[in-house]
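Asker: Listed below are the residues making up each chain.
There are 2 protein chains.
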Amino acid sequence: MALIVQKFGGTSVGDVARIKNVAERVVATRRAGHDVVVCVSAMSGETNALVALSDAINEGGPASPREYDVLVSTGEQKTIALLAMAIEGLGESARSFTGGQMGMRTDSAHTRARIERIETEALRGALDAGEICVIAGFQGVDPDGHITTLGRGGSDTSAVAMACALGAEVCEIYTDVDGVYTADPRLVPFAQRLDRIAFEEMLELASVGAKVLQIRSVKFAMRYGLPLHVRSSFVEDEGTWVVPEEDVMERLVVSGVTCTNNEAKIHVRNVPDQPGIAARLFTPLSDAGIVVDMIIQNLSRDGSTDVTFTVPRTDYSRALELAHQASREMGCDDVGGDEDIAKVSVVGLGMKDHAGVATRMFAVLAHEGINIQMISTSEIKVSVAIEEKYAELAVRTLHAAFIEGDAAQD
Amino acid sequence: MALIVQKFGGTSVGDVARIKNVAERVVATRRAGHDVVVCVSAMSGETNALVALSDAINEGGPASPREYDVLVSTGEQKTIALLAMAIEGLGESARSFTGGQMGMRTDSAHTRARIERIETEALRGALDAGEICVIAGFQGVDPDGHITTLGRGGSDTSAVAMACALGAEVCEIYTDVDGVYTADPRLVPFAQRLDRIAFEEMLELASVGAKVLQIRSVKFAMRYGLPLHVRSSFVEDEGTWVVPEEDVMERLVVSGVTCTNNEAKIHVRNVPDQPGIAARLFTPLSDAGIVVDMIIQNLSRDGSTDVTFTVPRTDYSRALELAHQASREMGCDDVGGDEDIAKVSVVGLGMKDHAGVATRMFAVLAHEGINIQMISTSEIKVSVAIEEKYAELAVRTLHAAFIEGDAAQD
Chain G
1 MALIVQKFGG TSVGDVARIK NVAERVVATR RAGHDVVVCV SAMSGETNAL
51 VALSDAINEG GPASPREYDV LVSTGEQKTI ALLAMAIEGL GESARSFTGG
101 QMGMRTDSAH TRARIERIET EALRGALDAG EICVIAGFQG VDPDGHITTL
151 GRGGSDTSAV AMACALGAEV CEIYTDVDGV YTADPRLVPF AQRLDRIAFE
201 EMLELASVGA KVLQIRSVKF AMRYGLPLHV RSSFVEDEGT WVVPEEDVME
251 RLVVSGVTCT NNEAKIHVRN VPDQPGIAAR LFTPLSDAGI VVDMIIQNLS
301 RDGSTDVTFT VPRTDYSRAL ELAHQASREM GCDDVGGDED IAKVSVVGLG
351 MKDHAGVATR MFAVLAHEGI NIQMISTSEI KVSVAIEEKY AELAVRTLHA
401 AFIEGDAAQD
Chain D
411 MALIVQKFGG TSVGDVARIK NVAERVVATR RAGHDVVVCV SAMSGETNAL
461 VALSDAINEG GPASPREYDV LVSTGEQKTI ALLAMAIEGL GESARSFTGG
511 QMGMRTDSAH TRARIERIET EALRGALDAG EICVIAGFQG VDPDGHITTL
561 GRGGSDTSAV AMACALGAEV CEIYTDVDGV YTADPRLVPF AQRLDRIAFE
611 EMLELASVGA KVLQIRSVKF AMRYGLPLHV RSSFVEDEGT WVVPEEDVME
661 RLVVSGVTCT NNEAKIHVRN VPDQPGIAAR LFTPLSDAGI VVDMIIQNLS
711 RDGSTDVTFT VPRTDYSRAL ELAHQASREM GCDDVGGDED IAKVSVVGLG
761 MKDHAGVATR MFAVLAHEGI NIQMISTSEI KVSVAIEEKY AELAVRTLHA
811 AFIEGDAAQD
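Top line first, the protein sequences correspond to chains G and D.
Mapping of the first sequence onto the numbering used here: position 224 corresponds to residue 224, and the numbering continues sequentially without gaps.
Mapping of the second sequence onto the numbering used here: position 403 corresponds to residue 813, and the numbering continues sequentially without gaps.
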């Protein structure tokens, strides 16, 4: 008998019929002899409806973050009650837990709280009493008993953190896709579902656009060595296991090819090459909450240098303005940019001991006539910034080169 | 500076515009120099929508009472967050409190919990910090931290109990009528709004059909001597104060005439007149949760007696069946009933020292040709059961006789 944590997102609990469907899966797991903790999101549409109410009350101005959390946490509270009822309707005993009741202790950063610790006594007591525990994702309480939320998408994190705290055997993430793919199947017809993938690879994939799992939840699982199982809430088949590196038997050199659109590039030329330049350029951006992704600084030439970086496209005009301002203060003002950038990445554990992945990637792109504007690398990832219109072509070609051909994998 | 508790029902917070309207009234009270605790219900329609979801999940079968409370308590939680936001939008600081956060400790009788004690530290701390406290009506927590509800209409009780615990100067009950009337204005055109009424009178009026206040909340207020002020959420005028008897200056002999329809009468004839008969007849009814109201047992004649009683009309057929069964077991089976009964009552503190109210009531009804089927009396109330079709006529005639004429009041 194992302890299994199951997490169902908003689409999976979107109406009464789907909640009943989830109840059946939970009960089937229980009747297979396991202890079950099930973590749910708000019914799809519910959170948006609550946010709309808040917007109407606040007339578009900022809502009190404390009260916002009190409001939106009702969404998950509805779902846990309904799912617990549905499970009891199938003859198993169940008990719902709000964030406070499940001991999910967070800091006081309303709307984006961080988990500080989890007190598992209540859940353990219920599990020992033979009850299925239905827990609300996304919510917790701070040290003063105020309701907090972990930020949108935090339900994955709730489920994984609770699974770690309870020492569960696995955390199953049910979603509307049936696993993690080597590329977005809408772009690449030959994309393959991965049976297993390492945490490190999943982190790189998640950070470059694979939306199956929240990065925070993967980090939690990696730290505790907790296996995740990403699978479909609509079919019974196994999905993709996300596991420690040593549990991935067959290491692929490249396990995924991904793409993020909606990037923009900004360059600042002829910056005086002195210590502190980077700080003066990037501090105003981070103060403004703009996430800078790739950064490249060229070698100095004649006492000055060029800096190029990427930002989300929605932040482009603000970032450009701030870059102008900073460079004027530094006595130069040669700033420009490009709004039509995509970032294409290849990710794979096997890169660690297979040299030449980057070289091969550049050759494949060159063969298609795609110009590489920026490059960044990590131990298991190579990313390039290219003109956006070539993004799909790049992904398909790289997928064909690294994954589809058998020869590519040796 | 006084401490004032204000309670707004579901209609008063039925949409965003009305919540903002409530926020303005609350802020006006605060700016008049008072500390304010405001207790709210779920937005009108919200509780019904949640109950409909529960019914759909449970397919008409009984819901888990524990989970039912988790579900329906989200209704008030939404309102407190929205109202706190609206108050902050007007420039005053506010904080919302769920049942648990406000220290509303109840027993574990889900869906109809009783308040055991109120821990006021959290609210006092917020009030001392200059915050307006926005509390959720209708909900509490049991000793194990489970969410409980006080039963429908429990928001009045939440507000009044909290006002008593905090030693508030007054609990204002905002509703869609502007006070307590001497009779239902829809029935009696000359019905008058009362400026003041004693707790005892309000209790009798509430128990015989005046739906302005929950009986439980009046009992709480009476026990603690807390003045209630029933007033309209749509106009500024004073409404009706419900106060200790000694604070009612001008005692009316009769302060109200009320009527409950939807009663039914059952008689059991020729019951052997032995000790224990009443218990054998009424125990099955109370076991079935049927509330028996008036009971009359005639003097014994030839060793047997007749018993007549009233029940809510919705329970009539079940009650009739149980009465048949009980009387068969007692060796007699002369049972019958009448589904078309109304109970008309006159209520007034002044009856205590004015003899003859009952006599006069009977005479007024006789003069209209209305036959009295049953009579029951308390210190400040006389009720009669009559044929339902005469109910309105009886109320109007009694109101004219006891209240409209000056002469009636001496």
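No lab work stands behind these hints: they were computed from the structure.
Using N, Cα and C, we set each Cβ at its ideal position, and we do this for glycine too.
Check each hint, because a few of them may be wrong.
Below are the EDC-like pairs computed for lysine to aspartate or glutamate, each with C-alpha atoms no more than 16 Å apart in a straight line [claimed, not checked]: (1) D:Lys430 x G:Glu245; (2) G:Lys352 x G:Glu245; (3) D:Lys430 x D:Glu526; (4) G:Lys352 x G:Glu379; (5) D:Lys629 x D:Glu526; (6) G:Lys20 x D:Glu526; (7) G:Lys20 x D:Asp465; (8) G:Lys219 x G:Glu59; (9) D:Lys430 x G:Glu59.
Just so you have them, the derived chain D footprint on chain G, three or more residues with Cβ under 8 Å [stated by the list, open to error]: (10) 50-60; (11) 72-83; (12) 162-176.
From the structure, some residues in chain G lie toward chain D, with a derived Cβ separation under 7 Å [said to hold, decoys possible]: (13) Pro65; (14) Ala86; (15) Glu92; (16) Ser93; (17) Ser96; (18) Glu119.
Asker: Would the hint on Ser96 (chain G) stand, with a C-beta cut-off of 7 Å toward chain D?
Answerer: 5 Å, holds
Asker: Going straight from one Cα to the other, do Lys629 (chain D) and Glu526 (chain D) come out at no more than 16 Å?
Answerer: 15 Å, holds
Asker: Okay, the region 72-83 of chain G and chain D, do three or more residues pass the C-beta test at under 8 Å?
Answerer: holds (count 7)
Asker: Is it true that the CA of Lys20 (chain G) sits at most 16 Å from the CA of Glu526 (chain D)?
Answerer: 36 Å, violated
Asker: Hint validation: Ser93 (chain G) versus chain D, beta carbon distance must be below 7 Å. Holds or violated?
Answerer: Violated: closest Cβ of chain D sits about 9 Å from Ser93 (chain G), beyond 7 Å.
Asker: Does Asp465 (chain D) sit within 16 Å of Lys20 (chain G), going by the straight-line distance between their CA atoms?
Answerer: 13 Å, holds
Asker: Verify the interface restraint on Glu119 (chain G): the C-beta must sit less than 7 Å from at least one C-beta of chain D.
Answerer: 12 Å, violated
Asker: Holds or violated: is the Cβ of Pro65 (chain G) closer than 7 Å to a Cβ in chain D?
Answerer: Violated - the Cβ of Pro65 (chain G) stays beyond 7 Å from chain D, reaching only about 10 Å at its closest.
Asker: With the threshold set at 16 Å, check whether the alpha-carbon distance from Lys219 (chain G) to Glu59 (chain G) stays at or below it.
Answerer: 37 Å, violated
Asker: When I compare C-beta atoms, does the region 162-176 of chain G have three or more residues closer than 8 Å to chain D?
Answerer: It is violated, with 0 qualifying residues against the three required.
Asker: According to a criterion of three or more residues whose C-beta lies within less than 8 Å of a C-beta of chain D, is the region 50-60 of chain G covered?
Answerer: Per the Cβ count (7), the hint holds.
Asker: Has the given pair, Lys430 (chain D) with Glu245 (chain G), been kept, meaning a C-alpha gap of at most 16 Å?
Answerer: 56 Å, violated
The structure is inconsistent with the numbered hints 1, 3, 6, 8, 12, 13, 15, 16, 18, although it conforms to all the rest.
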